[in-house]
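I would like the entire structure built from these sequences, with the hints used as guidance.
Here the protein sequences line up with chains A and B, keeping their order.
Residues in the first sequence are numbered from 22 upward in steps of one, following the numbering used here.
Residues in the second sequence are numbered from 1141 upward in steps of one, following the numbering used here.
To be clear, the hints were calculated from the coordinates, so they are not data collected in a lab.
Glycine included, each C-beta is placed from N, C-alpha and C at the ideal position.
Keep in mind that the hints are not guaranteed to be accurate.
[As the list claims (entries may be wrong)] Straight line, CA to CA, 16 Å or less: simulated EDC-like cross-link-like pairs of lysine to aspartate or glutamate:
hint	chain 1	residue 1	chain 2	residue 2
1	B	K1278	B	E1213
2	A	K258	A	E173
3	B	K1278	A	E173
4	A	K54	B	E1350
[Stated by the list, open to error] Covered stretches of chain A (in silico footprint by chain B; criterion: 3 or more residues with CB under 8 Å from a CB of chain B, positions within the stretch not fixed):
hint	stretch
5	47 to 55
6	68 to 76
7	79 to 92
8	95 to 106
9	115 to 126
10	137 to 146
11	215 to 229
[Said to hold, decoys possible] Derived coverage of chain B by chain A (criterion: at least 3 residues anywhere in the stretch with Cβ under 8 Å from a Cβ of chain A; other residues may be distant):
hint	stretch
12	1200 to 1213
13	1268 to 1275
14	1346 to 1355
15	1365 to 1374
16	1428 to 1439
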Amino acid sequence: MGAGPVGAQLAEFVHAVLPAARRGDFWGPTFEKFGVLIIGVAAFAAVIGLVLFFADRTPKRIRDVVQLTVFVAPALLLLLIGLVYPAVQTIYLAFTDRQGEWVGIDNFVWMFTQQEILRVLGNTLVWVLLVPALSTAIGLAYAVFIDKSAGEKVLKSLVFLPMAISFVGAGIIWRFMYEYRAEGYEQIGLLNQIIVWFGGEPHQFLIESPWNTFFLILVMIWIQTGFAMVLLSAAIKAVPAEIIEASRLDGANAWQQFWNVTVPGIRSTLVVVVTTITIATLKVFDIVRTMTGGNYGTSVVANEMYTQAFNRAEWGQGAALAVVLFIMVLPIIIYNVRVMRKQREIR
Amino acid sequence: MSTTSAPSEAVLDSPLNSKRRQRRRRPDGAADRAKKTLTSKWATAGAIIIAVLWTIPTAGLFITSFRPEEEIEGSGWWTIFSNWGFTFDNYIEVLTTTGASSANLGSYFINSIVVAIPATLFPLVLASLAAYAFAWIKFRFSAAIFIGVFALQIVPLQMALIPLLQIFSGVLGISGTFPAVWIAHTIFGLPLAIFLLHNFIAEIPRDVIEAARVDGANHFQTFFRIVLPLAMPALASFAIFQFLWVWNDLLVALVFSGGGVDVAPLTQRLAELSGNYGRNVHRLPAAAFISIIVPLIVFFSLQRYFVRGLLAGSTKG
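Here it is in structure tokens:
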């Protein structure tokens, strides 16, 4: 094994994978799983098909009602059972203990008196302050820099690519960036290697509190910048040429043009980008889970909620944290609904 | 784009709107002017620095995944030329070895596929039906209900996890099976899907729908013969977004899949391997790329739809 010509390695890979795949312990369960897949899809199709078939043949008198029901009822029913009822139930659970006994606001008192949980809330605040601001700023700068340049598409893809990678995958990618080896040993993480090249001593980026939170935040910024960039780039291209032209004739320099013309022109898109990234940041779970597991003082609300509820069976405390998360996104929900109602009135 | 403010409006409204937008976007746009003045050497330098910084982490891990175990643990990927080594061993190991302590990613890969396909199809079908009703069937409270569905998009799914798990394990007894994961993803995908498809379906010209109705078509016929074919771009965008969302999801998988090799998807196994970091240093790069490869293929082959779906759906979860 080890080093060898690429072709030989490829052949070896194929020879190793095929027999392994032929073994019973892979194919048996796999066939079974695809069986479940096919049966599941077929059953779903059959139910939908039958319902449509019979709804189509109901007497004319009640047909309108039946048709409407068939169109909206399945989706609404699922939402009621799977989202609305559980959300209400979670609010109730937030006032109970692990046995389900009513405890009033104890869980919230617990939350705001435990040093550990206060830290979690503080971390979440830091995340929400930094990630939207920095991702949007870097995304905007990059969008302006590459606008109309040669190879704009490729440059866009490079920064947008992390968006396609799962948070778990991104977490692993960055664990290798942050990898630490004691001083004197050869570093295998790029960041520590750079520090060592400049004569510093290596750091355990993910363990040394409180800075470790910032290194987790960096991963989220790495992911979200591409999203901000793509939206803002499209918005910049939609700013009318006449306005820019006018400001140029007025003698505005590039910097003034950017602040006085471009930024106001893309304001609404900026709002969309910032709110969207804010929501994503509030709910961040996977990155913390994969990189530190919430240890070393890096936990955030979404991660702590999971830990309390599903690892420690403290259902009430977990539910209370979920409610806090909900309260934090509530202003954004209200804002969005108001904007949406305005738009529907215009239409 | 600058006229919209709801997150999802911006992207997937109607075929007519996008044409209008294209017309507005002249070659001699705002950006062109900005470029002449802003695009100095500094801007180019800034762009290159950001592009390089954003690419290095992924590229580094990709190179690492093909290095022999002792090289991964002994030297950085940037020394690849002085510590040459190229091997598929890591990929072979994580894909083919089975047993409790090995990565066993082959099985988890299958699980990801079995989870993702129905979890994409089900919400697509149910949401397109509902979206049509909200757009073209008049009924009481339709506007209020629709706004309610829209608001559900942003509600953190953490709000629903505990009671939904109780329903699945207590009432239905399906916790830890594929159907449990499918149903959970279907429910969590519905608000966005309904909203997105409604925006598109509502923009189909009234004449087209009415012509069909005058010809005697009922709602089902109108839906299947007129609306579905016209809504294909929106359906494709949502399908791709939902597929990637499900494929990359960890939280729903952790709660509803039971966590074993029978049902749990790749992300869950990756998170576990990452939890035992020390023992898995040489396996993780290859393992990560096995889970990333499907989204990357989707990304590069369907980037246009992917971008649209992503932009429209980024508030989900």
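>> Which constraints among the numbered hints does this structure fail? Numbers only, ascending.
In response: 1, 3, 4, 9, 10, 11, 14 and 15
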